[in-house]
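Asker: Sequence:
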Amino acid sequence: CSSSMADKDEISPLIANGASDISESAENSESSSTYRGANIFLLITLSVSNFFAALSFSVLSPFFPGAAEAKGISLTLTGIIIGEFELMIFLSSPFVVHIAAHVGNRFVYICGLFICGTCSVLFGVLEYCPNGSTFAIMCLLTRGIGAFGGGIFLVSSFAILAHSFPDKVSTVTGIVEMALGLGYMVGPALGGAFYDLGGFRLPFFTVGGLVLLTAVAAYLITPALPAESGGHNRSASFLKFFSIPIALAILISYAATGAMYGMLDATMEPYLTAAFHFSSTIIGLIFLTPSLVYTLSAVLWGRLTDSMGWGIGVLIFGLIGCTIGVFFINPASFVLPIKPTLFTLLPALVLVGLGSSAVMIPVYGLCLDAAYANGMDENIATINLVSGVTNSAYSLGVFIGPTLGGRLYDTIGFDKLLFAYSGLFVVCAVLLGIARVYSRYRMSNWLSLRRLQQMYHAQPVQ
374 CSSSMADKDE
384 ISPLIANGAS
394 DISESAENSE
404 SSSTYRGANI
414 FLLITLSVSN
424 FFAALSFSVL
434 SPFFPGAAEA
444 KGISLTLTGI
454 IIGEFELMIF
464 LSSPFVVHIA
474 AHVGNRFVYI
484 CGLFICGTCS
494 VLFGVLEYCP
504 NGSTFAIMCL
514 LTRGIGAFGG
524 GIFLVSSFAI
534 LAHSFPDKVS
544 TVTGIVEMAL
554 GLGYMVGPAL
564 GGAFYDLGGF
574 RLPFFTVGGL
584 VLLTAVAAYL
594 ITPALPAESG
604 GHNRSASFLK
614 FFSIPIALAI
624 LISYAATGAM
634 YGMLDATMEP
644 YLTAAFHFSS
654 TIIGLIFLTP
664 SLVYTLSAVL
674 WGRLTDSMGW
684 GIGVLIFGLI
694 GCTIGVFFIN
704 PASFVLPIKP
714 TLFTLLPALV
724 LVGLGSSAVM
734 IPVYGLCLDA
744 AYANGMDENI
754 ATINLVSGVT
764 NSAYSLGVFI
774 GPTLGGRLYD
784 TIGFDKLLFA
794 YSGLFVVCAV
804 LLGIARVYSR
814 YRMSNWLSLR
824 RLQQMYHAQP
834 VQ
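In my numbering, the protein residues as written are 374 to 835.
Hints in this document: simulated from the structure, not taken from any laboratory. Please note that a few of the clues may not be correct.
[Claimed, not checked] Derived CB-CB ranges, DEER-like: (1) 648 x 611: 40 to 48 angstroms; (2) 807 x 745: 17 to 25 angstroms; (3) 807 x 720: 28 to 36 angstroms.
Virtual Cβ for every residue (Gly too), placed ideally from N, Cα, C.
Please work from the sequences and hints to get the whole structure.
Answerer: Here it is in C-alpha cells:
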C-alpha cells in the first residue's frame with residue numbers, strides 16, 4: 374500500500390506538469406489562431422483601402438481632359454495635372470521614412486487615406502472655380518496634395534504588410550497589388566459612368582466619400598505595430614541601401630517597368646487609332662488586357678517567390694516577358710518585317726501584363742532580403758526605407774515614361790520606341806544577372822573567411 378502511495382506521489386507531479394503543458398499548448402494555439410485571424414483581417418482592410426485609393430487616383434481619366442478643355446485649359450497643362458500625381462509620389466515617398474520614425478506607420482497610413490479622400494471630394498468642387506488659370510492652379514494644388522497623401526499611404530501600407538507578414542511579403546504584396554490593379558481598372562469605368570449620371574462632382578464625391586469611410590474603418594481596426602508602440606525608431610541609412618548592387622539592379626528594373634506602363638498610356642491610343650482605326654470602346658478594352666493579366670497573375674508570382682524562393686528567377690522571367698511583349702506590339706521593321714495585326718497585338722499585351730507582374734511583385738521582398746543580407750537592421754526603419762525607395766523608383770518611371778514616350782513617338786516612331794524599350798529590359802536582365810553573381814561571390818568569400826577565422830580561433834569579422 375505504501376508502495377502504491379509512493380507511486381501516486383511520483384505520478385501526481387507528472388500529471389500536473391502534463392496538464393500544465395497541455396493548458397499552455399492550448400493557450401498558445403488559441404493565441405496563434407487569434408493572431409492569424411487579426412492578421413487576415415488586417416490584410417483585408419489594407420486590400421480594401423488600396424482598392425478605394427486606386428479608384429480615387431484613376432477616376433478622372435475618362436472625362437477630365439474634356440472638362441478641363443471646357444474650362445480653358447490646354448491639353449499640355451491637363452497632362453501636367455494628371456501626371457503630377459506620380460511625380461509627387463516620387464518626391465514624397467522617401468520622407469515617409471523620417472515621418473514614420475516619429476509618429477508610426479499606423480498614423481501615417483490613416484492620415485494618407487484622409488488626405489486622399491478629402492482632396493478627392495475637394496476636386497469635385499473645383500467646377501465652381503473661374504475658368505482659366507484659377508481653375509488650373511487649384512487643380513494642381515488639390516491633385517498635388519492628394520498625391521502626397523497617396524504617396525505616404527502607399528508606403529506605410531506596404532510597410533505594415535511587411536512587418537505583419539515577414540515570411541510572406543511577396544504573397545501579401547501580390548494580394549494588395551491585385552486590389553490596386555482592380556481599382557485602377559474599375560476607376561476609369563466608374564468615373565465615366567458617374568460623370569454621365571451626375572456631372573463633374575459625382576465621381577469625386579462618391580469615390581472620395583468611400584476613401585474617407587475606409588479611413589475611419591482603418592482608424593478603428595488597424596493596430597499599432599509592436600515596434601512602434603513604445604515610441605520612436607532609429608533611422609535606416611539610404612546610403613548603405615543604395616550601395617547594395619543587387620538592390621540597385623532590382624530598383625532599375627522596377628523603374629523601367631513603370632516607365633513602360635507610362636509610355637504605353639501616352640502612346641497606345643494614337644497608335645491604335647492610326648493603325649487599326651479602333652473605336653474608343655475597343656481601345657479601352659485593349660488597354661484592359663495587360664491590367665487584367667497583371668491582376669490575375671499577381672498572387673501566383675507572390676506565392677512562387679515566398680514558397681519556392683524563386684524571386685530573382687521570377688523577376689528575370691518577367692523582364693524577358695516584357696522584352697518580347699513590348700517588341701511584338703509593333704515589331705520594328707528593320708528587325709522583323711511583319712505587319713502588326715490584332716492577332717500579334719493581343720498576345721503581346723498578355724505577355725506585357727504577365728511580365729510586368731512577374732517583375733513588380735517580388736521587388737519589395739527581394740529588396741528587403743538584400744538589405745538584411747548586407748547588414749541592415751531587421752526593424753521597422755529598414756522596412757519603411759525599402760517601401761519608400763521602391764515606391765519612388767516606380768513612380769519616377771511612370772512619370773518619365775509618358776514624358777519621354779510622347780516626344781520619342783513623334784521623333785523616331787512607335788516601332789523604334791518599342792524596340793528601345795525591349796533593349797532596356799535586356800539591359801536590366803543583364804545587370805540583374807551580374808549583380809546576382811557578384812552578390813553570391815561576395816557572400817561565398819565572406820563565408821570562407823569566417824571558416825578560416827574559426828579554424829584559427831580568430832576574432833570574427835564585423
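Asker: None of the hints should be skipped; say for each whether it holds.
Answerer: Here is how each hint holds up against the structure:
1. 648 x 611: 40 to 48 angstroms: Given about 44 angstroms between the Cβ atoms, the range holds.
2. 807 x 745: 17 to 25 angstroms: holds, 21 angstroms
3. 807 x 720: 28 to 36 angstroms: holds, 30 angstroms
Going through the hint list in order, the structure satisfies each hint without exception.
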